[in-house]
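Given next are the chains, with one letter for each unit.
There are 2 protein chains.
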Amino acid sequence: MTTKFVKNAVGRMIPTEINGKPVIPFKGPHGHKTIGRKYGPPIRNCGDYPDDGDKRQPDLKAALVEAGLKDGMTISTHHHFRNGDLIANQIFQVASEMGVKDLVWFPSASFPCHEPLIEYLEDGTIHHIEGSMNGPLGRFASQGKMKGTGVLRSHGGRYQAVQDGEVVVDIAVIAAPTADPFGNANGLSGPSSCGLLGFALADSQYAHKVIVVTDNLVPFPCIPWQIQGNNVDYVIEMEQIGIPEKIVSGTTRITKSPDRLYIAELTAKFCDAAGIIRDGFSFQAGAGGTALAIGNYFGEIMREKGIKARFARGGSNQYLVELLDEGLVEHILDGQTFDLEGVRSMRENPHHVDTSPFTSYNYHGKGNFASLLDVVILGATEVDINFNGNVVTHSDGLLLHGMGGWQNCLFGKTVILPIPLFRDRIPVIRDEVTTICGPGELIDVIVSERGIAINPLREDLIAATKDSGLPIKTIHELKEEAERICGKPQLPQFEDNIIAAIKWVDGTVIDVVKQVKES
Amino acid sequence: MTTKFVKNAVGRMIPTEINGKPVIPFKGPHGHKTIGRKYGPPIRNCGDYPDDGDKRQPDLKAALVEAGLKDGMTISTHHHFRNGDLIANQIFQVASEMGVKDLVWFPSASFPCHEPLIEYLEDGTIHHIEGSMNGPLGRFASQGKMKGTGVLRSHGGRYQAVQDGEVVVDIAVIAAPTADPFGNANGLSGPSSCGLLGFALADSQYAHKVIVVTDNLVPFPCIPWQIQGNNVDYVIEMEQIGIPEKIVSGTTRITKSPDRLYIAELTAKFCDAAGIIRDGFSFQAGAGGTALAIGNYFGEIMREKGIKARFARGGSNQYLVELLDEGLVEHILDGQTFDLEGVRSMRENPHHVDTSPFTSYNYHGKGNFASLLDVVILGATEVDINFNGNVVTHSDGLLLHGMGGWQNCLFGKTVILPIPLFRDRIPVIRDEVTTICGPGELIDVIVSERGIAINPLREDLIAATKDSGLPIKTIHELKEEAERICGKPQLPQFEDNIIAAIKWVDGTVIDVVKQVKES
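Residue numbers (our numbering), protein chains in the order written: chain A, 1 to 519; chain B, 1 to 519.
Next comes chain A alone, as it looks inside the complex (with noise of 0.2 angstroms):
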C-alpha cells in the first residue's frame, strides 16, 4: 500500500491517513473550521451503580475486568503524578497478564518513569501510544519500534480530541490523591497529593468506563469534587499510587547560570519596554529555571511600579505563590502544581484556582484563557528563521517531548521565547526546524544571550522598544552568530517511515516525526 501525501499551511507533507483514521492537514492557526456535534458517551442508569454510592472494587484488576477491558481499546491516563506515577504501568502489566493486545494508551502525557511499558510495546500489548513520549517512549518509537504510529497532542488538543469523540476513550483510569467510594476525587491532600486533576477531567467526562484509584479514601463526600463521583464507574484503594518527591519537584530553582538569568532579564527588559506589564496585566511563564527567574523579574517591576497582575496562570510553584501572597498578583489561574507549596496555596487560597485544559486550552470551546493573556513565555528546542517552533524533537531528530500546553499557549497576546543561542554546541535558531510544532505567525519574539529578534508581523512591538536601547536584532543575525560559534549544525537523518504525527490544537495535522536513521 502506498501512503499518500499532501502538502499542509506550513509546507510540511502529510499523509491521509494515520492509524487507519483520515487526517485533516493543517490549514493555519485559525484556518480550519470544525463543523459537528460533541461527542456523547453512552447514556447511564443510576438503577445499575449500588444505591448506597460505595463503587469500590477489590483491585485495579477487578475493575478493568469490571470495566469490560478488551484487544483494541483506548486506556487513558493523566499525568498529574509526573515522574511518580505509579499506576500506568500497573494498567498494562494486567493487561498483558490478561492477555489483552494492542491496546491505545491515551495518557495527558508520559514519564521517564513509564519506561517499562516498552515491555509491553513489545509484546503487543500496547499498540501505539497517543500522547508525549518524553524520554525513553520516544526514542523507541524514533527507532521505528512501535507497532502503531505515535500522536502528539497539546493539553487543549488532547481534550479538543477526546471532546470531539476523535479519540473514544473506552476506559480512563485516573489516579486521584483523596477520593471517596463514590468517585469525587481531587488532588488537594493525602500522601500524594499533586494539587489538582484537571488532565484528568475529559476522560471522566467522556470515558466509558471511569477507574479511580486512590490511596487516600475519604468517607463521603470528598470536598471539593474536582472529578465528580457521579462520572465515576468504580473506585478503588491502593496502598501507594504516586511516589511523592518525584510528584513535586521540591527542587525546582531560580537558575543560577549567568547567561540564562541575562536572558531572563533581558526577557522582563523587554516586556517592560514594550508595555506589557502595566496594572491589570497577565502573565504565564512556565516553571523552568529561566521563567522562574522571568517571574522574579516581573515581580520586581510591579514593586517598583506599584501596580500588580490581574491574574497569572501556573504550572505554580513557590516563587510564584509568593507573588499571589504579595499581592502582587491578585489570582493564579493553575493548569498544575510544580512543588508542595503550589499544592498547598490552592488547597489554602481560594484566589488560587484549579483549572482543566478545557478552560484554559480546548479550542473548541467558546474562547479559552489561553487567547487573554498579554504575555506568555515559551521554551523551544529549535526555531527556524521564519520563528517557527519546535517543542518536540531535537536537532538529531529523536523525539524526546511532549509538547505539553505549548501550542495553546501561542494564542496569547505576546509571545515570547527564552532560549540560549545554542545548546551543546548546537545552535537552537536553524533555517527550518525539525519539526514544526507551531507556525511562526504565533510566536512573536526570541530573547537569547546574544540579542532580541522581533517578529517582523509584530510592527507594534518593534516601534514600542526601538529606541529601548535593547539588543533588537534579527533572527538572521542571531543564527548567524550562533553558526559563527559552533558552525553549520549538521541536518538529521530519517528514514521514510512516519512514527509520529503532531497535531494542532484544532485535530488537524502540522507536520509528522519520522524513523531516525541509525548512524
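No lab work stands behind these hints: they were computed from the structure.
Intra- or inter-copy, both count: the list cannot distinguish identical chains.
Derived DMTMM-like pairs: lysine to aspartate or glutamate, alpha-carbon spacing no greater than 20 angstroms straight-line: (1) K466 x E265; (2) K7 x E441; (3) K413 x D48; (4) K466 x D272; (5) K466 x E449; (6) K473 x E449; (7) K256 x E300; (8) K27 x D48; (9) K413 x D54; (10) K27 x D51; (11) K147 x E495; (12) K413 x D52; (13) K413 x D51; (14) K33 x D48.
Model the placement of chain B on the given structure of chain A, informed by the hints.
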C-alpha cells in the same frame, strides 16, 4: 386525530404522544433502562469568539438577535431568583416585540412573578411551558388555555432531559449575580446574590447559545466560576437582574403552629426510634416551616447523643447553617440557598458546597447523591392509601406547583412525609391521589398530627419502631380519622383535554393532568 392511550405501571392512562413527540409510559422506579448517547451540542471554534475574551453585547435584544432567536425555539432560564426574577419576562417581551412565535419556555421553575407571561402565552409568542408552573401559570394551563401541553419534570429530570437531548435548548439565558466579560459567573456576591447557579448548569453545558446577564460585572476572572465562560456566547450588563428581598426569603422561619411543631417532633422521634439518627448519618429536610423545625429537633438529638451528621442536603437556611457552624453537620451539600445566611455561608465556608441537579439528582448518571441520604423529609399535596404521592395538583384538580427535587429525593433510604391530615378541611390522604408524582413503593412513612403510618413494604421500620411508644397506625386508619372529621372529600371534575404531563426521573411519563371542568 384520535389520541391513543396506554396504561402505565401505576395504572394511569398515558397518551402515546405529547406535543407531537412520542411518549414512553412509566415502567416503575427503575423499570425503564435508557440505552443511547448523551446529547452532543455543536462544536464551537475559538476563532469565532473574541481573542480578548470580551463577549459583551449592548442589551438583551442584541444578544437574542445574535443568538439567532426565531420561531419555535426553546428558551431556558433558571429559578435561583425565585419570585424576584426580572429576566424571563423581559426575554419574552423582546421576543413578542420581534414578532417571534411558538417558543417553548423551559425554566427550571416558574413563580407568581411570571404571571405577565400569560400575555405572551395568549399572543402566541410562547407555545407552551416545560417546567413547573407555580400559581397563576398553572391555573392558566389548568383552564385549558395554553396552546401546547405543559411538561413537568423534577430538577433531576430536567438535567436528564437536557443531557439526553430529549429537550434541545436553543438559547439559555442565565441571570448571574456576578460575572466577567468572558462569561464566568457565580451567585455568591453582588446585589442579586442567590448563592449558586446549579439549576443553570445543564443549560450552560448543552444549550446551543448561552447568554449570561449580570448586574455585577467584574474583571476576568470571576472566581469561582460556577458557570464556565467557556460555555458562554454573550454577556450582558443590566441595571438589575433580580429583586433581592424576593430572591432570598428572609422570613423563612420555623413554624409556630402547635400541630406542625408536633408533627415535626414526631418525625424526629420516629427517626431516632428507627435508628436513623446515628453518628455520620445524613439528612435532607427542606425549607418549609415544619421541615425547619425537624432540622432543629435533629440538632437537639445530635447534641444529646454527642454525634454529628456527615452531611445535610440543602436548600440551606440560617438554621442549617447554625448546625454547620456548631459542627453538628460536617458538610452542607446545597442545591439552593433560601436566605442570606445560606449565601454567606456558601461564600465563606468551604464545607458549604454548591451542588447541581447533575451531582444530586440526575438519574441518567453513574449514581447520584439522592440515594445516599439516610433520611429525606418531603411534603405533598396528597397521599393515597398505596402511599403514592402528589405534589403538583390540589384536590380541586388545579395544577399549582412544580415538583422541584421531590421525585429525585424519593430515592433516599428512608422517605418521610410529615403532613397534616387535612388542609382547609380537605383530607390529604385519599383513596387515589389526583396526580401521581411518585409511586408509593418509594414513600416510606407518613407522619401526621394524629399518628404515623409506615409503608407495609418497610418491615424493617415497622419492626424497629414497634415498641417505641410512638402512635403508629395504618394509613387506612389515618384516612378514616380525617374523613370522620371532614367528611368524604369530593372528587375533582376534569375535561378530557390533557394540559400537562408529569415526567418520571428517567423521562417516562408517570401521569397527566387534565383541564379542570368549570363549576
